[in-house]
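Chemist: Note that the protein sequences, when read in sequence, are chains A and B. Be aware that the first sequence starts at 1, since it is given in the working numbering, and climbs by one per residue. Be aware that the second sequence starts at 1, since it is given in the working numbering, and climbs by one per residue.
Wrong hints could be hidden among the right ones.
Stated by the list, open to error - Short, incomplete list of chain B residues facing chain A, as computed with Cβ under 10 Å:
id, residue
1, Ala10
2, Gln11
3, Arg58
4, Trp65
5, Asp85
6, Asp93
7, Ala121
Claimed, not checked - Example chain B residues on the side facing chain A (calculated, C-beta under 8 Å, incomplete):
id, residue
8, Gln3
9, Ala12
10, Ala51
11, Ala60
12, Pro86
13, Gly161
No wet-lab data here; the hints were simulated from the structure. We treat Cβ as the ideally placed atom computed from N, Cα and C, and that holds for glycine.
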Amino acid sequence: MADAYPQVKTTQDFAQQSPEYRNSIEKLVVSHAINELQGARVFDEPAVALAPHPYAKWLTCRVAMEEYGHHCKFFDLGRQIGIDEDRMLPEKTAKKPLSMFDFPLTTWEEFVAIKAFGDLAEILQVEDLLHCSFLPLRNLARSTMPEEKFHHDFGMQFGRELLKDPESKARFQAAVNRVFPVVPAFFGASRSKNNAIFREFGIKLRTNEDMRADYVARASAAAADLGLTLPELPAEMLH
Amino acid sequence: MGQPMRDALAQAWFSTLGEPLGKAELADIAGYLRGLGLEAGAQPLLASGWADAARLLRSAAGEWWEREEAERRRLEAVAHLDPADPDWVRLNDLLHGAAAVAAGRGGNDDPGMIRVAAGAASYAAYHHELALVAGCDGDHPFIRKYSLYAGGRWLLGVYDGRLAIF
């Protein structure tokens with residue numbers, strides 16, 4: 001087994017790393033900064049209007065602000081390590097947000113499904129950074145994890161409320177059927193060269209395909225917990 | 001540090017929940033309702049505790065919410081705030097902390113309510129700043145509402161024709 005990549009404890013130490021290491025960290029920071037912001041804009045903030053009562057509306061406000069907060073944390077780390085600000089803003093960079101953010105949110109049930117199943121994927125992504133060799137990024141991931149777990153719990157909690165009524169349960173199941181298939185792509189391509197480099201540098205722990213398989217297993221457990229089913233996914237989505 | 005953050009640090013967020021209402025607060029409530037075009041005659045309903053507040057908040061959002069949203073959209077047509085501004089994010093953390101302290105003090109047993117309270121205060125702060133940037137005067141309902149929050153209250157909404165406050 002190869003030696004573990006040494007810990008990079010500060011942003012000053014980061015500047016002394018190889019261009020390949022720095023480039024890898026920059027890719028991850030840019031991706032998180034863009035996607036946290038995009039998610040808040042296209043899902044969380046619009047969902048306030050869809051929520052059924054003030055309890056849910058204000059809780060959704062809080063979730064939206066937490067997502068904006070995650071963006072700010074990644075954006076701030078990016079600035080500290082010299083990433084140009086424009087690279088971390090969806091409206092100013094050519095890099096596209098993840099395709100799951102193209103999902104057209106129109107109902108409260110869809111938002112609850114996104115929180116229960118989309119944010120579960122985010123938990124896995126953040127988990128993979130909890131032992132990252134670049135400690136400022138590791139610690140940022142650790143600081144956001146409790147909120148990521150809360151966002152998934154939000155989906156499960158309001159999902160359980162939707163199950164109480166047969167009509168809302170049917171709408172929720174239909175929403176899960178629409179939302180779940182867009183999530184596995186969140187983990188990136190299988191046999192990814194980027195991912196291999198991330199693991200070589202001790203930035204990430206697992207392959208994209210391992211994470212995707214784990215996600216499907218955990219999403220299946222979450223669906224079973226709710227008494228729902230997940231739609232079958234085409235084989236090419238899983239490999 | 002921006003002005004909203006400087007202002008927020010000096011407020012009494014969630015510190016008078018459940019206490020009897022004073023005359024100035026009653027005037028802000030009446031002004032808030034009038035400003036939204038709602039009936040202001042009924043005596044406000046004072047929530048007796050966190051559980052009572054949670055029960056009220058699970059009622060369907062009524063006309064008052066739609067009036068607020070219509071006013072928010074009207075103001076956003078002339079004023080813009082960036083919710084991803086780091087000062088806003090810091091303000092939200094401050095509000096979350098204040099709500100957690102108040103919930104601990106008040107015997108709240110619903111952890112979600114801490115975030116609900118923080119979200120409500122955040123929205124009130126956003127409305128307030130929006131009204132200021134748009135050049136509204138002190139009688140504007142969002143400025144009246146913020147005054148209640150800044151004085152330690154939580155405006156819960158209007159249910160069955162009565163404004164509920166904690």
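Chemist: Please check whether B:Pro86 passes as an interface residue: C-beta within 8 Å of a C-beta belonging to chain A.
Modeler: Holds - the Cβ of B:Pro86 comes within 8 Å of chain A, reaching about 5 Å at its closest.
Chemist: Given a cut of 8 Å on the nearest C-beta pair, is the interface hint for B:Ala60 held or broken against chain A?
Modeler: Holds, because the Cβ-Cβ distance from B:Ala60 to chain A comes to roughly 6 Å (cut-off 8 Å).
Chemist: Double-check B:Asp85 for me: the hint is only fine if its C-beta lies closer than 10 Å to a C-beta in chain A.
Modeler: holds, 8 Å
Chemist: Quick one, is the B:Gly161 hint okay against chain A at 8 Å, beta carbons?
Modeler: violated, 16 Å
Chemist: Go through the hint on B:Asp93 and say holds or violated, using the shortest Cβ distance to chain A against 10 Å.
Modeler: holds, 7 Å
Chemist: Using Cβ atoms only, decide whether B:Gln11 comes closer than 10 Å to chain A, and label the hint accordingly.
Modeler: violated, 17 Å
Chemist: Was the hint right that B:Ala121 lines chain A, CB cutoff 10 Å?
Modeler: Holds, about 9 Å.
Chemist: Does B:Trp65 pass the interface check with chain A, least Cβ-Cβ distance below 10 Å?
Modeler: B:Trp65 check passes; min Cβ-Cβ to chain A is 7 Å, inside 10 Å.
Chemist: Answer holds if the nearest beta-carbon of chain A is closer than 8 Å to that of B:Gln3; otherwise answer violated.
Modeler: violated, 18 Å
Chemist: Less than 10 Å between beta-carbons is the criterion; does B:Ala10 satisfy it with respect to chain A?
Modeler: violated, 21 Å
Chemist: Taking the least C-beta to C-beta distance, is B:Ala12 closer than 8 Å to chain A?
Modeler: Violated, about 19 Å.
Chemist: So, as I understand it, the hint says B:Arg58 touches chain A; can you test that by seeing if any CB pair is closer than 10 Å?
Modeler: Constraint on B:Arg58 satisfied, holds at 5 Å.
Checked against the numbered hints given earlier, the structure breaks hints 1, 2, 8, 9, 10 and 13 and satisfies all the rest.
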